[in-house]
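**Q** One letter stands for each residue in the lines below.
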Amino acid sequence: MAALTPVERAPLSFVVPVVALAGAILGLFVGTANGSGLMGILIGAALLAVVSWAMIVVIKNERVARWGLVIAFAILGFVLGSVPGGLIGLISGWFFGWFTFWLFESRYRMRLLPYLTPRQVLWHYAFRVICGAIFVFLITPILVVIPLSFNAQDFFTFTPEMLRFDPEGYSLKHYEDFFTNNEWQRSFKNSLLIAPIATIISVTLGTLAAIGLSQAHVPGKRAIMAILISPMIVPLIISATGMFFFYSNIGNFLEGTLGMNKTFVGYVKVILAHAVLGVPFVIITVTATLVGFDRSLTRAAANMGADPVKTFFKIQMPLILPGVIAGGLFAFITSFDEVVVVLFVGSASQKTLPWQMFTGLREQISPTILAVATILVVISIALLTTLELLRRRSERLRGMSPG
Amino acid sequence: MSDTAQDGPMLAADGTTLKQSLARSLRREKMRALLLIAPLLIFIFLSFVVPIVSMLFRSIENSILQDTLPETVVALENWDDQSGELPDEEVYAAFVRDMLVAVDAKTHTRLGTRLNYEETGMSSMFRRSGRQISRLDPVEDAPFKDKLIDIHDGWGDVNTWAVIKTHAVPYTNGYFLNAVDMQRTPEGAQAQPESKQILVKLFGRTLYMSLVITGFCILLGYPIAFLLANLPMRSANLLMILVLLPFWTSLLVRTSAWKVMLQQQGVINDTLVWLGLVDDAARLIIINNQIGTIVAMTHILLPFMILPMYSVMQTIPPTYVRAAKSLGATNWTAFWRVYFPQSIPGIGAGSILVFILAIGYYITPEIVGGTQGVFISNRIAYHISSSLNWGLAAALGTILLGAVLILYWAYDRIVGIDNVKLGG
Numbered sequence: 001m002a003a004l005t006p007v008e009r010a011p012l013s014f015v016v017p018v019v020a021l022a023g024a025i026l027g028l029f030v031g032t033a034n035g036s037g038l039m040g041i042l043i044g045a046a047l048l049a050v051v052s053w054a055m056i057v058v059i060k061n062e063r064v065a066r067w068g069l070v071i072a073f074a075i076l077g078f079v080l081g082s083v084p085g086g087l088i089g090l091i092s093g094w095f096f097g098w099f100t101f102w103l104f105e106s107r108y109r110m111r112l113l114p115y116l117t118p119r120q121v122l123w124h125y126a127f128r129v130i131c132g133a134i135f136v137f138l139i140t141p142i143l144v145v146i147p148l149s150f151n152a153q154d155f156f157t158f159t160p161e162m163l164r165f166d167p168e169g170y171s172l173k174h175y176e177d178f179f180t181n182n183e184w185q186r187s188f189k190n191s192l193l194i195a196p197i198a199t200i201i202s203v204t205l206g207t208l209a210a211i212g213l214s215q216a217h218v219p220g221k222r223a224i225m226a227i228l229i230s231p232m233i234v235p236l237i238i239s240a241t242g243m244f245f246f247y248s249n250i251g252n253f254l255e256g257t258l259g260m261n262k263t264f265v266g267y268v269k270v271i272l273a274h275a276v277l278g279v280p281f282v283i284i285t286v287t288a289t290l291v292g293f294d295r296s297l298t299r300a301a302a303n304m305g306a307d308p309v310k311t312f313f314k315i316q317m318p319l320i321l322p323g324v325i326a327g328g329l330f331a332f333i334t335s336f337d338e339v340v341v342v343l344f345v346g347s348a349s350q351k352t353l354p355w356q357m358f359t360g361l362r363e364q365i366s367p368t369i370l371a372v373a374t375i376l377v378v379i380s381i382a383l384l385t386t387l388e389l390l391r392r393r394s395e396r397l398r399g400m401s402p403g
Numbered sequence: 001m002s003d004t005a006q007d008g009p010m011l012a013a014d015g016t017t018l019k020q021s022l023a024r025s026l027r028r029e030k031m032r033a034l035l036l037i038a039p040l041l042i043f044i045f046l047s048f049v050v051p052i053v054s055m056l057f058r059s060i061e062n063s064i065l066q067d068t069l070p071e072t073v074v075a076l077e078n079w080d081d082q083s084g085e086l087p088d089e090e091v092y093a094a095f096v097r098d099m100l101v102a103v104d105a106k107t108h109t110r111l112g113t114r115l116n117y118e119e120t121g122m123s124s125m126f127r128r129s130g131r132q133i134s135r136l137d138p139v140e141d142a143p144f145k146d147k148l149i150d151i152h153d154g155w156g157d158v159n160t161w162a163v164i165k166t167h168a169v170p171y172t173n174g175y176f177l178n179a180v181d182m183q184r185t186p187e188g189a190q191a192q193p194e195s196k197q198i199l200v201k202l203f204g205r206t207l208y209m210s211l212v213i214t215g216f217c218i219l220l221g222y223p224i225a226f227l228l229a230n231l232p233m234r235s236a237n238l239l240m241i242l243v244l245l246p247f248w249t250s251l252l253v254r255t256s257a258w259k260v261m262l263q264q265q266g267v268i269n270d271t272l273v274w275l276g277l278v279d280d281a282a283r284l285i286i287i288n289n290q291i292g293t294i295v296a297m298t299h300i301l302l303p304f305m306i307l308p309m310y311s312v313m314q315t316i317p318p319t320y321v322r323a324a325k326s327l328g329a330t331n332w333t334a335f336w337r338v339y340f341p342q343s344i345p346g347i348g349a350g351s352i353l354v355f356i357l358a359i360g361y362y363i364t365p366e367i368v369g370g371t372q373g374v375f376i377s378n379r380i381a382y383h384i385s386s387s388l389n390w391g392l393a394a395a396l397g398t399i400l401l402g403a404v405l406i407l408y409w410a411y412d413r414i415v416g417i418d419n420v421k422l423g424g
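Here the protein sequences come in this chain order: A and B. Here the first sequence is numbered in my numbering, starting from 1 and rising by one per residue. Here the second sequence is numbered in my numbering, starting from 1 and rising by one per residue.
There's no promise every hint is true.
[As the list claims (entries may be wrong)] Short, incomplete list of chain B residues facing chain A, as computed with Cβ under 10 Å:
| # | residue |
| --- | --- |
| 1 | Leu227 |
| 2 | Thr249 |
| 3 | Ala257 |
In case anyone wonders, no lab produced these hints; they're calculated from the structure. For glycine and all other residues, C-beta sits at the position ideal for the given N, C-alpha and C.
Okay, chain B solo, but in the shape it has when bound (with noise of 0.2 Å):
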């Protein structure tokens, strides 16, 4: 398409050619669009993104040792804690000396209660021991490794220097290893006592059960998409509402309302009771259990199971399935080899969607579902709000947030994470 007036390159109206002028207002506009998106970035990074990586890195930090008894930390480096001997003077000296400073800075309870989370009764021994260093001089009282002993019985125990040695490095596993019920031994890596070992059996209760939730999800979920998809559009919205209101109503008035509705006294087990069914005397234990989380959860979540899949049977054409009958298949026949099959994208979307809502629960376990039936989100947060072990919930939410990163991957491949829609 040459020009026979021009040679060389076409030119834009100011005299650039037209190749730099459209790579100059793609520029323009790339700059344009980042712009308008810069203010909101920043903002998420700066509130969200921020937040939770220092999470993620207060799950391995473990400065609290070093920087407490830093003299100790380079003693204890020359002792071999497998020998089965206490440490030696020296040990003993920097220790004292490391503890006096602590505790001018009451800094030595925060040591022992980081301590206790490997060994029971750290904590209250350094309370008390604290007490007694201070009074103690550093240079005239030597030497102090009787002295010590005699303050408390653990600082003649090899075990408590083997625990301040093992856990005496800037960044540990220490958190992740008690999050799978495992610690941190100067042997590596052993399993918890017996009696310790909950939380992986609490991640196994949080996936079962909300594979379970999942499930009765597309069980119920299944017939109603299917109902809607194919009722007339003004019936089909008249129902929706029915969906929508659950779907928009706040979750502390679903959650109470399952309180009202599954309680001993409560409206089932009264309905159950005055029709005969059940016993006034063996009535329903149907709250604070598993039960309990599993219904609620289901009736709370059970819309983002129907929305999905509404929306993908909707492209379904009905012609199809009426094909395969004027072909000659039975309606089952049809129905689990046409149509079925179409709206498989459907469960997929809506199952990945109400699987990362349900193992990241914590409201409605928290009040419908007792001792047995809570979710590993109620125990990150009792580490956060009771027990204060934040480095422990934070390994924890850390494992929790990698399995819903892997399920949000695979949500975005199916579905694609421009296609979510809201409200139907």
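Same shape as in the complex, but just chain A (with noise of 0.2 Å):
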């Protein structure tokens, strides 16, 4: 920020109603929790606006005034709602506190332009607002999984003794079961025994054909890349019906004829069903990569003698290394996320992962499925680190700056 707009206080005629304001907001809540919506308003706004006068004209220092709502607040709180309850006077203490001296020391005008008026300031912070509450919306589910799986009943929702922050009321016990329950362990095997022999189909094929689509000349260009990319566009159920009509045949073919073991069998079209999802991501990732790769590098690899296969390994594959892992984590997830086509192509014995959550959800309701949902919350905190990591050690290597 190069330049603050020069600010001054603002009136206590302006800070005083807002923060009333805000405090009947948070009233209303409190008070339908206690019986009364309207009271809740009322003393809200009352309590609010004589702590904000209080906080501004009789304290004057900002620190002590905002630690002592703090602690008045948290104090509040417990006495009205124990531990929860003084969780939440905490935070509405800390909240109160600085949203008071924003307004009076005019904090909030100072980041923006000096020119807009006041309701195009009013309507910055309403868009902020705004795309807070879809943030809540997009990240609220994933994070409410986290302490539930942590639950020492067979609920699927916070026991009053969670919400007491009571130790009883939290275990490990849901891990513990998925950790030792046959079934859950099978599928989590099967699912780390189809996923990474699926990625290594579709990225070495998609790699070469990428490579192959990224050449000047290709005759077709237009069709072949819409044939590769469609199994990413057709509806995983119509893929899931084709496969399951194919497959069969071509299974009882594999076991009938050849006298395969019916389970590697089973194995083997699953594996052959995912590598086929998973192609398309390898093939956009690649191909992206291959957009910034500068080919007179190739060449002059070729003019100092190396042959295709060598400038292939030494030069090319370092470059478009990041693009490749990309889109080999994208085919992972892919298969390793997948249910649909497994539940057609597979049987029992190829159970995985997201077959076994998937059945749990609609059959047996087991809070098992919420640390498994946990552990691979983590599993995917993690994929995306390192494609973000990816992603920056890609541009510095093309020389641009991350971002």
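Assembly of the complex is requested from the two constituent chains, each provided in isolation within its own frame, with the hints serving as guidance.
**A** Quick look at the structure:
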């Protein structure tokens, strides 16, 4: 921020009513929870009006006023509703302290352009609040699962003990169930077997094809691209239906005519199906990386006597590796997360983790699903971090400043 | 540019003309590119395109009648199904001969199941009659007409023979007619009875709910994409994590999270009751109906809307809006007349993507949709795994695939398929 907009303190006649209004909203929720919404609004507005006036006029020192408010609200909340109430009091105390001085010192104006009208300023912050609400919508479902997975009861919701932060209300038993239950372990192992093999197939074939596609003269490039990307576009249920008919014939052939082991054939079917689904992601990410690839590097290598294979492994591969790994991660997560196709193509011995979760959600609802979900969220955070690091590395290699 | 020392065409180092030499090297380059692509293309073709095409074929394929009752089908050709009279002895004799072979090969029950899709009761009729027909002798026990009617009343019903005659074609439009709530009858295509008409309604609901979900995604995605595109890079990247984390989280995790949130004893209802906004006795029913499907799928598909919108909005120069404002436009006018038209490609790309994904969704509606919030894909799955009416499932899938391909084509026109970006 180069220059802050010069500001002066806002008048009390502006700060006190606004804080009171915010207090009324909080009062509405506390009030309805305790019986009367109207009383809540009145008490909340009056309380916050007095508090903000006292903080500005009586105490004057911002630090003392804000700490005082946090402690006062925390105690008030604890008296009204023990531990959870105290926590809410703590948060709202911090918020109102910050809010009052944010308004009073006109900090809200500081980082905005000087010529904005009050209504534009109001809209600016209203827009931020709307966006905040949407972000909450995006992220809450994922965050809610995590504490619930430590539930000591077999419930899918917060028990009173959990809300009191009573250690009795929490346990690791759902994790224990996941790690000891045979069904879950078998499906987990199946997922760990199927996903990597499918990924290797789609990455190997996909990278080769992407390199071919990025050559200057490829006849029918658009048509080929359309066919290679189609597994991503065709709805999974249709792919699954088609593969169901087709792979059952193939399976009968392999088992009946060639006399192969039934379980082995089952794995082959699922792995091939998943490899197909992963291909478009590899193609898309690797071709995107190849767009930024400097062709003169391969020519230089050829000029110095390297054969095409050596050029590929020594020059091209290290440079496009971030794209290949990113595509591989996409392919891996596609297979690891896939349930429709495996449901149709696989048999019980190929039950994967998502399949087990799906039946768990549909039939016997067990909170072990939440423990699994938490583990998967942690895995996806790890994948996301890896991808972000790869992206930065790839931009650094290409001489762009990482954003 | 002629060289004085050389007459005729320019030559390459090996003595061939330059034109030929260039053409050869171009050809070689093409071959190399195609060789690199070939393994994957063959793989995709064999394990994806062929299965899909064979599914399309299955939706019209109908050789079972001619395979199981070859003689009957020929004999029935001389019978007029409009006459209201039963076919003559020749047909019954042919039928018994066919059935004796079929019962030996145990294919008559499959035929019964097939005909049961068209006329309820056929399956049990074939199964029961099969056992008794197998005791008849094709020569000595003639005539068969009365004996068959004794075995099962159905053989004395003109309608039974009319159904057999109607469906005795190697390729049928019957499954497609069924898929749009019609049926193949001796008098041509006709509407199904009222009580059986569910599929058109289901197609309608799938389209309607996908549109609603796309609409909500635009409403919620636009502000976020706008905010991300206009924030400084560093904070935008930080907030981007909040969009990408749901995108990367397993679909099953998000679906189970919504199950946890939306249940009657779930987090949302508990919070509302605790706040006193909803009475404990009147908890909201927001799962196992359309609301549940719409809320959960909007959440799941929202990143697919935000990411294309964001990549389009990033390219809109901020100076345009500033110029509009300095020329006297109000905030709203500057946004609506200058910024918004430039962001429309992003909305288009995101909408088509979300819509394509939404109409084929299976898992989420199955878990949070109950009976009122399911899509056509759930019906396909039902026909594959429960009712085993694979022809109808294939016909429904073909219609759905057609719709998706049209949208895909539109997407390719608007965005270009090579411009698909993943993960921002």
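**Q** All hints are to be evaluated individually against the structure, with a verdict given for each.
**A** Comparing the hints with the structure gives:
1. Leu227: Holds: closest Cβ of chain A sits about 5 Å from leucine 227(B), inside 10 Å.
2. Thr249: The hint holds - threonine 249(B) has a Cβ within 10 Å of chain A, the shortest such distance being about 5 Å.
3. Ala257: holds (4 Å)
Hint violations for this structure: none, all hints satisfied.
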